[in-house]
Amino acid sequence: MNRLVLVIVLLLAVLPVYAQQDPLTLVTYDSFSVSEDVLAAFTDQTGIEVEIVRLADAGAMVNQVILTKNNPLGDVLYGIDNTFLSRGLNAGIFEPYESSALADVPEAFVLDPDFNVTPVAYGDVCLNYDAAYFGADGPPLPTSLVDLTEPEFEGTLVVENPAASSPGLAFLLATIAAFGEAPDTYNWQEYWADLAANDVLVVEGWTEAYYGEFSGASDGERPLVVSYASSPPAEVYFADPTPETAPTGVTLAEEACFRQIEFAGILTGTDQRAEAEAFIDFMLGLEFQEDLPLQMFVFPVSPDAELPDVFVEYAVIPENPASIAPDLIEEKREEWIQTWTEIVLR
Amino acid sequence: MRVPWRTLAVVPVAFLGIFFVYPLVVVLAQSLTDPAGGLDLSGFAEIVTSAYYRETLWFTTWQAVLSTVLTVAAALPAAVVFVRFKFPGKSLLMALATLPFVLPTVVVAAAFDALLGDSGLLNSGLMAVFGLESAPVQLERTLTLVLIAHVFYNFAVVLRMIVSYWSNQSPQIEEAARSLGAGRWQLWTRVRLPMLAPAISAASVLVFIFTFTSFGVVLILGGPRYSTLEVEIYRQALSIFDLPVAAALSLVQIGLMFAMLLMYSRLQRRITVPLRGEAYVSRVPHSWRAKLGALAVIVTMIVLLLAPLAALIVRSLTTAGGLDNFTRLAQNPRGSILFVPPLTAVGNSLVFASVATVLAVGLGLITAALVNARRWRWLDALFMLPLATSAVTLGFGYLIAMGNPPLNLRSSAVLIPLAHTLVALPFVVRAVLPALQLIPNNVTDAARALGEGPAGVWRRVRLPIIGRALVVGASFSFTVSLGEFGASLFIARPDTPTIPVVIFRLLGQPGAANYGQALAMSVILLVVCGAAFAIIERLRISVAGVF
Chain A
1 MNRLVLVIVL
11 LLAVLPVYAQ
21 QDPLTLVTYD
31 SFSVSEDVLA
41 AFTDQTGIEV
51 EIVRLADAGA
61 MVNQVILTKN
71 NPLGDVLYGI
81 DNTFLSRGLN
91 AGIFEPYESS
101 ALADVPEAFV
111 LDPDFNVTPV
121 AYGDVCLNYD
131 AAYFGADGPP
141 LPTSLVDLTE
151 PEFEGTLVVE
161 NPAASSPGLA
171 FLLATIAAFG
181 EAPDTYNWQE
191 YWADLAANDV
201 LVVEGWTEAY
211 YGEFSGASDG
221 ERPLVVSYAS
231 SPPAEVYFAD
241 PTPETAPTGV
251 TLAEEACFRQ
261 IEFAGILTGT
271 DQRAEAEAFI
281 DFMLGLEFQE
291 DLPLQMFVFP
301 VSPDAELPDV
311 FVEYAVIPEN
321 PASIAPDLIE
331 EKREEWIQTW
341 TEIVLR
Chain B
1 MRVPWRTLAV
11 VPVAFLGIFF
21 VYPLVVVLAQ
31 SLTDPAGGLD
41 LSGFAEIVTS
51 AYYRETLWFT
61 TWQAVLSTVL
71 TVAAALPAAV
81 VFVRFKFPGK
91 SLLMALATLP
101 FVLPTVVVAA
111 AFDALLGDSG
121 LLNSGLMAVF
131 GLESAPVQLE
141 RTLTLVLIAH
151 VFYNFAVVLR
161 MIVSYWSNQS
171 PQIEEAARSL
181 GAGRWQLWTR
191 VRLPMLAPAI
201 SAASVLVFIF
211 TFTSFGVVLI
221 LGGPRYSTLE
231 VEIYRQALSI
241 FDLPVAAALS
251 LVQIGLMFAM
261 LLMYSRLQRR
271 ITVPLRGEAY
281 VSRVPHSWRA
291 KLGALAVIVT
301 MIVLLLAPLA
311 ALIVRSLTTA
321 GGLDNFTRLA
331 QNPRGSILFV
341 PPLTAVGNSL
351 VFASVATVLA
361 VGLGLITAAL
371 VNARRWRWLD
381 ALFMLPLATS
391 AVTLGFGYLI
401 AMGNPPLNLR
411 SSAVLIPLAH
421 TLVALPFVVR
431 AVLPALQLIP
441 NNVTDAARAL
451 GEGPAGVWRR
461 VRLPIIGRAL
471 VVGASFSFTV
481 SLGEFGASLF
491 IARPDTPTIP
501 VVIFRLLGQP
511 GAANYGQALA
521 MSVILLVVCG
531 AAFAIIERLR
541 ISVAGVF
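In the order they appear, the protein sequences are chains A and B. By my numbering, the letter at position 104 of the first sequence is numbered 104, and the numbering carries on one by one without gaps. By my numbering, the letter at position 484 of the second sequence is numbered 484, and the numbering carries on one by one without gaps.
Derived from the structure by calculation, the hints contain no laboratory data. Remember, predicted model here, so these are calculated numbers, not experimental data. Heads up, some of the hints might be wrong.
[Said to hold, decoys possible] Pairwise CB distance ranges (calculated):
no. : chain 1 : residue 1 : chain 2 : residue 2 : range
1   : A       : Asp-271   : B       : Asp-34    : 27 to 33 Å
2   : B       : Ile-302   : A       : Asp-327   : 53 to 59 Å
3   : B       : Asn-408   : A       : Ala-239   : 43 to 49 Å
[Claimed, not checked] From the structure, some residues in chain B lie toward chain A, with a derived Cβ separation under 8 Å:
no. : residue
4   : Arg-225
5   : Gly-335
6   : Phe-490
7   : Ala-492
8   : Arg-505
Note that CB positions come from ideal geometry on N, CA and C, so glycine has one too.
Pulled out of the complex, with its shape left as it was, chain A reads as follows (with noise of 0.2 Å):
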């Protein structure tokens, strides 16, 4: 008898092991990060414990999660960026959810009226510069898209391949809204071959530019490359000793940037629809999205959310950014980097 009373305690004290649900998983790209006492936080005021399974590349994420929409990897996802938003859209994989904290989150990052995502992240692909070599007495930095194609500017820019980089295609959204398809006009395709003359060099990503060619962050030999608008406070903040300015910027060509902005989204088919929802809420709240910057160098869409120092000394956030409409890019995105591909590289 005693023993049985033994057994029946033990399996009482087994039981919460099992009766306990599986942790909320976080479906995300390689590169996802955020401060681990921010995510401890979450699990200490929800009791939610959350699981992150990390994907390739942003875009590689996107086609990974469609690929398995009828047999989800999670119940969240992070990292869907404007660029590619409307192929998740298309293929239904997100459950609309509209949080109360979009309420104070500027109307221009909302992309999709349904709430199928939420913006939680966003940052600008910009021209940088090496400050040693546009320095005090060196010449002076383009200021428009066009200086590009001058001949002083020959042989200064390096870009990466829109067709396997983010960035890359970003900044060739960025001349296509600047100089737009017109066949009348001075368009994007004549400004790419007048770039391709000018002799911009092409590089398959945006590590082969930055770490390859770009000679502000490298031995190499291009002092303009494609990156982004926190790469610079990036460069002080990776620095020992810290510099006393950084040695990069951004330049003021404002035509040159292109708006990237993250989104979340809850996955069609979650079981764990309210712990998902407070995932959500928990990245636009004021804690993740401070953490933010510095754990991704991006910035964040919650206007009431304080910038470190190092960004508010050192990061750019260009008025008006180029951007195209989603759908836009959906539509036209592989007939762009064709043309592209034929006017630059062949």
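Position chain B against the provided structure of chain A, taking the given hints into account.
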């Protein structure tokens, strides 16, 4: 007692069936199905009618042929020196020559840049000596650089496979040819090349598949102007998300490779001459000519293979931060969940690589034995196919096919070493099979007549003879797994980052400290790999001592 071949065959065939054929068939079937459920062959129509894909296929093929020929031509003289001569540091040099295999392309690109770039060592040296204004050697983004990188990566595959095979051959044939008055040229064309044909062809096939499916080297060192079939598969699947075209291209690539492998497999059996007499013994070179020749080969190897590695190490120490880059790897000032202590990454890498090596050696040995005993050529060709399959295709296959019990593995770390095993298996089979085919039947028959059972024949006859080949297979398995990044990128991963993952994450962020730490981590990758070679070699010696 007869060996139960059918029972034994189940293990590797089931492994390949579950972790390669099944996910591949699932992803291809889904990609080639239109929304209405019918067969969608639009992808094939597109690639057949497009001049661009024909040009891509042509370029893919000829650069692979050229890369293979160059690699064999570079490795053959080195093989002669390694087989014939004893010299100090020989096994160290052999191990170092295998190290390039472990390095990610981005890191190799940085090393090549430090050596051959416009402001690299070679150009600044030439400019200083000759007082030149601009860099005389312009290699950046040229096909020449792609070919150099292909030789750099694959040199050791050819060298090690030829040396392990040649060392089991009898020197008497060569001596007989010499005493009959054969000249240097005749010695090569009439004796050595025919004798080494099985090993040369086995290594060439591996190098050909590797360079045919070249991705990172072509894109990063050649630049976006060059494109292989593999590159197009990535573009179609990832950027454009046109799965019918990606599937059609994958099938074309796999089909071409399978046809070539079947042809090769048929050829291989015909050219193998069983071993007679005692094995080669290397000697200290005596004549001046031999000494000079050996020296020339060794110096070439050092320049070709070790200079980029040395450049990488120097760069890791001279980039902003220097030695601090190594200590900073262990710090997490931002408190980021992305932070991986370097020891954890090394540990993950070592666990995955060890599991993959054990699986690949075990399964590869069984497969090679099956192919040898039963002449199942299709099996031999089938086991090579994972090398010809792009990582993104297989990764998508895993995501779709492995999401349900009992095979709910797609978000599990277990899938990573299994994917590595698939890529490592061909190395073991290719290294072991020619060695097994060398063993004449009368040797194994004699062992049986002396009372050895099947296990005894393996333990006392076959294993000692193929020991060197097994080490070659194990070394490459380990290296392939340690440096592999592509396949694991397309598997949904929980938190088990490996060394290459850490390198890529660091190289994905701006900031001098990140770059310095990425180089430091690359040096750690080299050191870990080098240490593993020493252990694998020691294992062979201690196991050989048991016999």
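Exercise. Against chain A, run the beta carbon of Arg-225/B and see if the smallest gap drops under 8 Å.
Key: 5 Å, holds
Quiz prompt | Beta-carbon spacing of Ile-302/B to Asp-327/A - inside the hinted bounds 53 to 59 Å or not | solution = 58 Å, holds
Exercise. So, Gly-335/B near chain A? Judge it on the closest CB pair being under 8 Å.
Key: The hint holds - Gly-335/B has a Cβ within 8 Å of chain A, the shortest such distance being about 5 Å.
Quiz item: For the hint on Phe-490/B, does the least C-beta distance to chain A fall short of 8 Å?
Solution: 6 Å, holds
Practice problem: Using the Cβ atoms, figure out if Asn-408/B sits within 43 to 49 Å of Ala-239/A. | Solution: Holds - the Cβ-Cβ distance for Asn-408/B and Ala-239/A, about 45 Å, lies within 43 to 49 Å.
Quiz item: Taking the closest Cβ pair, is Ala-492/B under 8 Å from chain A?
Solution: Holds, because the Cβ-Cβ distance from Ala-492/B to chain A comes to roughly 5 Å (cut-off 8 Å).
Quiz item: Within 27 to 33 Å or not, the Cβ separation of Asp-271/A and Asp-34/B?
Solution: 31 Å, holds
Quiz item: Can Arg-505/B be said to touch chain A, with a Cβ gap under 8 Å?
Solution: With a closest approach of 6 Å, the Arg-505/B hint holds.
Consistency with the previously given hints is maintained throughout, with no hint failing.
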